[in-house]
Amino acid sequence: MYGLEAISAQNGWAMAVAGALIVISGLTVLSLVISQLHKIAAFLEKGVEKRSQKRQAVKTAPKEAVVPKPPAFDTDEAQSRLKPLVAELGESFELTNLYELANSGELPHVHLSIRSLRESGVIVPAGDGRFVWRD
Amino acid sequence: MDLLIQFLTNTGYYLVDFRNIIMLLVGSLFLYLAIAKEYEPLLLLPIGFGVLVGNIPFFKGFGLGIYEPNSVLHYLYFGVTTGVYPSIVFLGLGAMTDFSSLLAMPRLMLLGAAAQMGIYFTLLSALALGFLPREAGSIAIIGGADGPTSIFLTAKLAPHLIGPIAIAAYSYMALIPIIQPPIMRLLTTQKERRIHMPDMREVSRTEKLLFPAAGLLLCCFLAPASIPLLGPFFFGNLMKESGVVDRLAQTARTAIIDTATIFLGFTVGASTQADVFLTPKAVGIFFLGAVAFSIATASGVLFGKIMNLFMKQKINPLLGAAGVSAVPGSAREVHQVGLKSDPTNYLLMHAMACNSSGVIGSAICAGILWSFLV
Amino acid sequence: MPVEIQTIEPLAFFQGLSYIELEQFASLLKPRSVKKGEVLLRQGTPAMTFFIILSGTFTVSLEKGRAYTLDKKGTVIGWSTVIAPFEYTGTAMAETDGEVLSISSNDFFQLIQNNNALGKKIIAKIDKIASERRALNSKEKS
Chain D
23 MYGLEAISAQ NGWAMAVAGA LIVISGLTVL SLVISQLHKI AAFLEKGVEK RSQKRQAVKT
83 APKEAVVPKP PAFDTDEAQS RLKPLVAELG ESFELTNLYE LANSGELPHV HLSIRSLRES
143 GVIVPAGDGR FVWRD
Chain R
365 MDLLIQFLTN TGYYLVDFRN IIMLLVGSLF LYLAIAKEYE PLLLLPIGFG VLVGNIPFFK
425 GFGLGIYEPN SVLHYLYFGV TTGVYPSIVF LGLGAMTDFS SLLAMPRLML LGAAAQMGIY
485 FTLLSALALG FLPREAGSIA IIGGADGPTS IFLTAKLAPH LIGPIAIAAY SYMALIPIIQ
545 PPIMRLLTTQ KERRIHMPDM REVSRTEKLL FPAAGLLLCC FLAPASIPLL GPFFFGNLMK
605 ESGVVDRLAQ TARTAIIDTA TIFLGFTVGA STQADVFLTP KAVGIFFLGA VAFSIATASG
665 VLFGKIMNLF MKQKINPLLG AAGVSAVPGS AREVHQVGLK SDPTNYLLMH AMACNSSGVI
725 GSAICAGILW SFLV
Chain E
4 MPVEIQTIEP LAFFQGLSYI ELEQFASLLK PRSVKKGEVL LRQGTPAMTF FIILSGTFTV
64 SLEKGRAYTL DKKGTVIGWS TVIAPFEYTG TAMAETDGEV LSISSNDFFQ LIQNNNALGK
124 KIIAKIDKIA SERRALNSKE KS
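Protein chains in written order, with the working numbering: chain D, 23 to 157; chain R, 365 to 738; chain E, 4 to 145.
Since the hints were made in silico from the structure, they are not lab data.
Take these hints with a grain of salt, some might be off.
[Said to hold, decoys possible] Restricting the straight-line Cα-Cα distance to at most 25 Å, the calculated cross-link-like pairs of lysine-lysine (DSS-like) are:
no., chain 1, residue 1, chain 2, residue 2
1, E, K123, E, K76
2, E, K123, E, K39
3, E, K39, E, K67
4, E, K128, E, K67
5, E, K128, R, K704
6, E, K33, E, K76
7, E, K124, E, K38
8, R, K704, E, K124
9, R, K704, E, K123
10, R, K676, D, K61
11, E, K75, R, K401
12, E, K76, R, K555
13, R, K555, R, K424
14, R, K645, R, K424
15, E, K131, R, K704
16, R, K678, E, K38
17, R, K704, R, K401
18, E, K76, D, K105
[As the list claims (entries may be wrong)] Among chain E residues calculated to face chain D with C-beta under 10 Å, some are:
no., residue
19, Q9
20, E12
21, P13
22, L57
23, K76
24, S105
Beta carbons: idealized from backbone N, C-alpha and C, even for Gly.
This is chain D alone, in the form it adopts within the complex (with noise of 0.2 Å):
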């Protein structure tokens, strides 16, 4: 059997555009659904955010007394290590030499050293890809 005869026989009409309309209406609700995450998001963030405020009220005071905050990365002792590197560089550096040497010369914490530094602005860029250091 060939042709619409087979398509009517064979229950076709109706399998397609059965299939069609519930592919086209499940995704239409997810789309509908998923439009709305967003507030369910904010909503579920506003509730953690509630608790964890409660919570850090009850428990802030005595451990601030108790626990001793986790000192900071020292920029200045970074700086002084890093300096006499610079200075073997030149005035504008590539960043990937002062990583090279900093790591030849066995200095601790190379990476968050450099880092510390850009952030704090004493490594600033040249604007060419390379930087320059600045007291």
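Fit chains R and E to the known structure of chain D by using the hints.
Same frame as chain D, but now just chains R and E:
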């Protein structure tokens, strides 16, 4: 002397017929496209080599061929016939897909739904051409432009057609750069192609975490037969977005999906033994596959145009072409066609949203067809 | 051999990317040594790979004998892999031995599939580079 004659009559040189030669040429073409042209090499290279392996003539009964019980290839092929490999591929796909574009602009999901119309149109065409209903359903899913989904559904409905359907699906996926752009240009005006899409908002981590759960529940309650595909898919995505099992997510989107892709491609290629593959039905499947792919692209684009009739904020109808689930191939084509019309019109992120929606849509369609035809 | 984050982090092209984004990008980059005289990409061929210079000098030849030189570490060659016209607009040849990082178009789009926000950032960067390079081309013309 008898021993030598017996040996010679068992060699491939003696047993070869013209159909093997044709298939060996097809396999070589796939390898050429994968290596020299870099067309979908991840798919075409394993399939192409598999075609070569599957079409070396051998003496039947030695337990060598993929269709002979107890052969090594038969055991590897088990993952195809049971639908295991497609499920694993979906796990990896979920772990490598970022849904933030879709979450930022959920209405683009409708384009992913519209592009599935190619599947139902092809279902009718296949029935009209005299294919049995289960065969027609398996052929129709090629319109979803998703290799693993096509293999999964065919394994369930018409296992004897896995070879041609898989090869057709993957071939057309590799031919996206040739098939889709002319249809996109034909159905859109220059003005439409130049429509700029608004910037997307940032999506919070909580939204990304809620999405796999919402997607799984809504899709699989609607079409439970899509659980084997969408279950692993959304699980993989939750692993990715949770950030607490990075090692597992990383493994799913690299080692696991790669392993499944290797065996899936290789065994599907090897399943194209000339005597099983080169049949009049295969010709019909290839013809219908091209129709399915083209209709899918066209229906996505046309639906985008229809949406523009009702929506205040117009969408670029090219995005509809990315509603098929060939990720990220069709998104890339939309991006390219958009940029060629207007070099400042970046549609890639929006096209990715339609693409992800297409993956979900075609898996739901596979579930629907399986329930209708089982 | 995988590319280390430390190698790409200081490069101008990667400024503004988070650690995770750098990690994702680095996992797809492939280092490649280039010999003097080697043609990296050819004008008019489909753009399938883009490169980031680590060392060496490269000449990009345009039509009618026009050319410019690229040698700065972190410079991108082959931007049309990602944006129009999707075919190389010049021929890049190594003037000296050097090293580049490469990423294929397929890997790039996979990267975007994995992280949409990163894709947006990278495309914005490449768009800027393309405008600069087009300006350079027209300067060479005049």
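A quick look at each hint next to the structure:
1. Our distance criterion of 25 Å between C-alpha atoms is met by K123(E) and K76(E), whose separation comes to about 23 Å.
2. At roughly 35 Å between alpha-carbon atoms, K123(E) and K39(E) are farther apart than 25 Å, so this suggested pair is violated.
3. The straight-line distance between the Cα atoms of K39(E) and K67(E) is roughly 23 Å, inside the 25 Å bound, and the hint therefore holds.
4. Distance restraint check for K128(E) and K67(E): the Cα-Cα separation of roughly 29 Å exceeds the 25 Å cut-off, and the hinted pair is therefore not satisfied.
5. Proposed proximity of K128(E) and K704(R) is supported: the alpha carbons are some 19 Å apart, at most 25 Å.
6. Proposed proximity of K33(E) and K76(E) is supported: the alpha carbons are some 16 Å apart, at most 25 Å.
7. Taken as a hint, the K124(E) and K38(E) pair is broken in the structure, with Cα atoms around 32 Å apart against an allowance of 25 Å.
8. In summary, the hint linking K704(R) to K124(E) is supported, as the alpha carbons are separated by about 21 Å, within the 25 Å threshold.
9. Restraint check for K704(R) and K123(E): satisfied, since their Cα atoms lie roughly 18 Å apart, inside the 25 Å limit.
10. Our distance criterion of 25 Å between C-alpha atoms is met by K676(R) and K61(D), whose separation comes to about 23 Å.
11. For the given pair, K75(E) sits about 31 Å from K401(R) by alpha-carbon distance, which is inconsistent with the 25 Å threshold.
12. Of the supplied pair hints, the one linking K76(E) and K555(R) is violated, its CA atoms being roughly 41 Å apart against a limit of 25 Å.
13. The suggested pairing of K555(R) with K424(R) is violated, with an alpha-carbon distance near 61 Å, which exceeds 25 Å.
14. In summary, the hint linking K645(R) to K424(R) is supported, as the alpha carbons are separated by about 24 Å, within the 25 Å threshold.
15. Taking the CA atoms of K131(E) and K704(R), the gap is about 17 Å. The hint holds against a cut of 25 Å.
16. Under the criterion of a C-alpha separation no larger than 25 Å, the hint pairing K678(R) with K38(E) is inconsistent with the structure, at around 51 Å.
17. At most 25 Å may separate the alpha-carbon atoms for a hinted pair to count; K704(R) and K401(R) meet this at roughly 22 Å.
18. Distance restraint check for K76(E) and K105(D): the Cα-Cα separation of roughly 23 Å lies within the 25 Å cut-off, and the hinted pair is therefore satisfied.
19. The closest approach between the C-beta of Q9(E) and any C-beta of chain D is roughly 5 Å, which is under the 10 Å cut-off, so the hint is satisfied.
20. Of the supplied interface hints, the one on E12(E) holds, with its beta-carbon coming within about 7 Å of a beta-carbon of chain D, less than 10 Å.
21. The interface hint given for P13(E) is met, as the beta carbon of that residue sits about 3 Å from the closest beta carbon of chain D, less than 10 Å.
22. Because the beta carbon of L57(E) sits about 9 Å from the nearest beta carbon in chain D, less than 10 Å, this interface hint is met.
23. About 6 Å separates the beta-carbon of K76(E) from the nearest beta-carbon of chain D, less than 10 Å, and the hint is met.
24. Because the smallest distance between the Cβ of S105(E) and any Cβ of chain D comes to about 18 Å, over 10 Å, the interface hint for this residue is violated.
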